[in-house]
Amino acid sequence: MKAAVVVFPGINRECDMARALKLASGREPAMVWHAETALPAGIDIVVLPGGFSYGDYLRCGAIAARAPIMDAVRAFAAKGGLVLGVCNGFQILCEAGLLPGVLMRNARLKFICRNVYLRVERSDTPFTRGYNAGQVICVPTAHGEGNYVADAGTVARLEGEGRVIFRYTAPDGARAPEWNFNGATNAIAGIINERGNVLGMMPHPENHVEAAMGPADGRGLFQGLAEHLDRAA
Amino acid sequence: MKARVIVTLKSGILDPQGKAIEGALRSLGIAGVVSVRQGKVFDIEIAEGDRAVAEARLKEAAEKLLANTVIENYDVKVMG
Numbered sequence: 001m002k003a004a005v006v007v008f009p010g011i012n013r014e015c016d017m018a019r020a021l022k023l024a025s026g027r028e029p030a031m032v033w034h035a036e037t038a039l040p041a042g043i044d045i046v047v048l049p050g051g052f053s054y055g056d057y058l059r060c061g062a063i064a065a066r067a068p069i070m071d072a073v074r075a076f077a078a079k080g081g082l083v084l085g086v087c088n089g090f091q092i093l094c095e096a097g098l099l100p101g102v103l104m105r106n107a108r109l110k111f112i113c114r115n116v117y118l119r120v121e122r123s124d125t126p127f128t129r130g131y132n133a134g135q136v137i138c139v140p141t142a143h144g145e146g147n148y149v150a151d152a153g154t155v156a157r158l159e160g161e162g163r164v165i166f167r168y169t170a171p172d173g174a175r176a177p178e179w180n181f182n183g184a185t186n187a188i189a190g191i192i193n194e195r196g197n198v199l200g201m202m203p204h205p206e207n208h209v210e211a212a213m214g215p216a217d218g219r220g221l222f223q224g225l226a227e228h229l230d231r232a233a
Numbered sequence: 001m002k003a004r005v006i007v008t009l010k011s012g013i014l015d016p017q018g019k020a021i022e023g024a025l026r027s028l029g030i031a032g033v034v035s036v037r038q039g040k041v042f043d044i045e046i047a048e049g050d051r052a053v054a055e056a057r058l059k060e061a062a063e064k065l066l067a068n069t070v071i072e073n074y075d076v077k078v079m080g
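One line per chain: the protein sequences are E and F, in this order. The letter at position 230 of the first sequence is residue 230 when you use my numbering, and the numbering goes up by one with no holes. The letter at position 54 of the second sequence is residue 54 when you use my numbering, and the numbering goes up by one with no holes.
If you're looking for bench data, these hints aren't it; they were derived computationally from the structure. Quick reminder that beta carbons are idealized off the backbone N, C-alpha and C, glycines included. It cannot be assumed that every hint is accurate.
Straight-line C-alpha distance at most 25 Å; calculated DSS-like pairs for lysine-lysine [to be verified]:
hint	chain 1	residue 1	chain 2	residue 2
1	F	K2	F	K40
2	F	K40	F	K77
3	F	K64	F	K10
4	F	K40	F	K19
5	F	K2	F	K64
6	F	K77	F	K10
7	E	K2	E	K79
8	E	K110	F	K10
9	E	K110	F	K19
10	F	K2	F	K77
11	F	K64	E	K79
12	E	K110	F	K40
Here are some of the chain E residues that sit facing chain F, going by a computed Cβ distance under 7 Å [what the hints assert, rightly or not]:
hint	residue
13	R59
14	V102
15	R105
16	L109
Take the sequences, apply the hints, and build the full model.
Dropping the structure here:
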């Protein structure tokens with residue numbers, strides 16, 4: 001796995017992300033500044049980390065989505081390259097048109113920073129092959145705008161095509177309004193694009209990758225990606 | 001040329017900020033407030049003499065950046 005982590009002004013999770021990627025792959029990812037116009041050669045996954053790019057001005061992720069590097073990310077995704085966006089990275093992918101929908105203010109207007117439970121809906125994607133379908137993982141979340149919204153047709157398509165990859169649930173995997181803490185449509189926490197190579201998710205798997213952090217439930221995502229990419233290489 | 005671009009949430013899109021403001025207005029005792037929807041105003045000065053061209057350019061700006069047309073509508077007013 002040769003990863004590139006894109007660094008936008010105002011993001012703050014790039015080091016956590018780089019650490020998780022290195023832990024899974026043994027390789028230091030390339031850190032790519034947003035003003036670059038090309039990705040380093042030989043990259044097989046691009047990661048947009050979390051934080052507050054441009055201070056969340058205008059709309060979360062809106063300005064970062066128009067940064068020079070994003071044309072290269074778009075071209076990379078169009079060729080089938082893997083792209084992962086976490087938290088602000090998910091917001092950027094939606095704003096860039098690489099994923100449908102938008103992340104709105106949390107339903108109860110609060111910034112929510114705590115561990116949440118996610119049901120992994122599919123294990124047959126490069127991002128989730130480290131998990132079993134239906135498995136529930138515990139990962140931290142930290143956002144004020146994670147309330148996934150899309151028009152009814154888009155949501156129906158996402159559901160119909162099995163493109164909802166992570167959903168907020170109770171620890172036993174049951175859906176209930178009190179566990180859908182940000183009010184997201186259908187408790188959607190993460191989605192994939194039509195081709196299956198671009199994933200966006202609000203919670204932070206990169207913050208649960210070692211025993212010292214609590215449960216290491218986020219590790220499966222990075223381990224799965226590393227296995228997928230090393231097999232492909 | 002001076003222009004104003006107004007961006008508003010589409011109807012049906014939940015606006016928790018508008019709801020919170022609505023509640024605050026009620027608690028201030030301002031009578032008759034039925035509902036509040038929050039939007040954005042951009043005052044833009046554009047170096048362009050032709051009104052139609054300016055308007056077209058600002059529509060492009062709204063489509064590409066100022067509004068997220070998944071959830072928002074926009075209105076461009078060139079004031080001359």
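Results for each hint:
no., hint, result
1, F:K2 to F:K40, "holds (17 Å)"
2, F:K40 to F:K77, "holds (14 Å)"
3, F:K64 to F:K10, "holds (17 Å)"
4, F:K40 to F:K19, "holds (16 Å)"
5, F:K2 to F:K64, "holds (20 Å)"
6, F:K77 to F:K10, "holds (19 Å)"
7, E:K2 to E:K79, "holds (16 Å)"
8, E:K110 to F:K10, "holds (22 Å)"
9, E:K110 to F:K19, "holds (14 Å)"
10, F:K2 to F:K77, "holds (9 Å)"
11, F:K64 to E:K79, "holds (23 Å)"
12, E:K110 to F:K40, "holds (21 Å)"
13, R59, "holds (6 Å)"
14, V102, "holds (5 Å)"
15, R105, "holds (5 Å)"
16, L109, "holds (5 Å)"
When each numbered hint is compared with the structure, no violation occurs for any of them.
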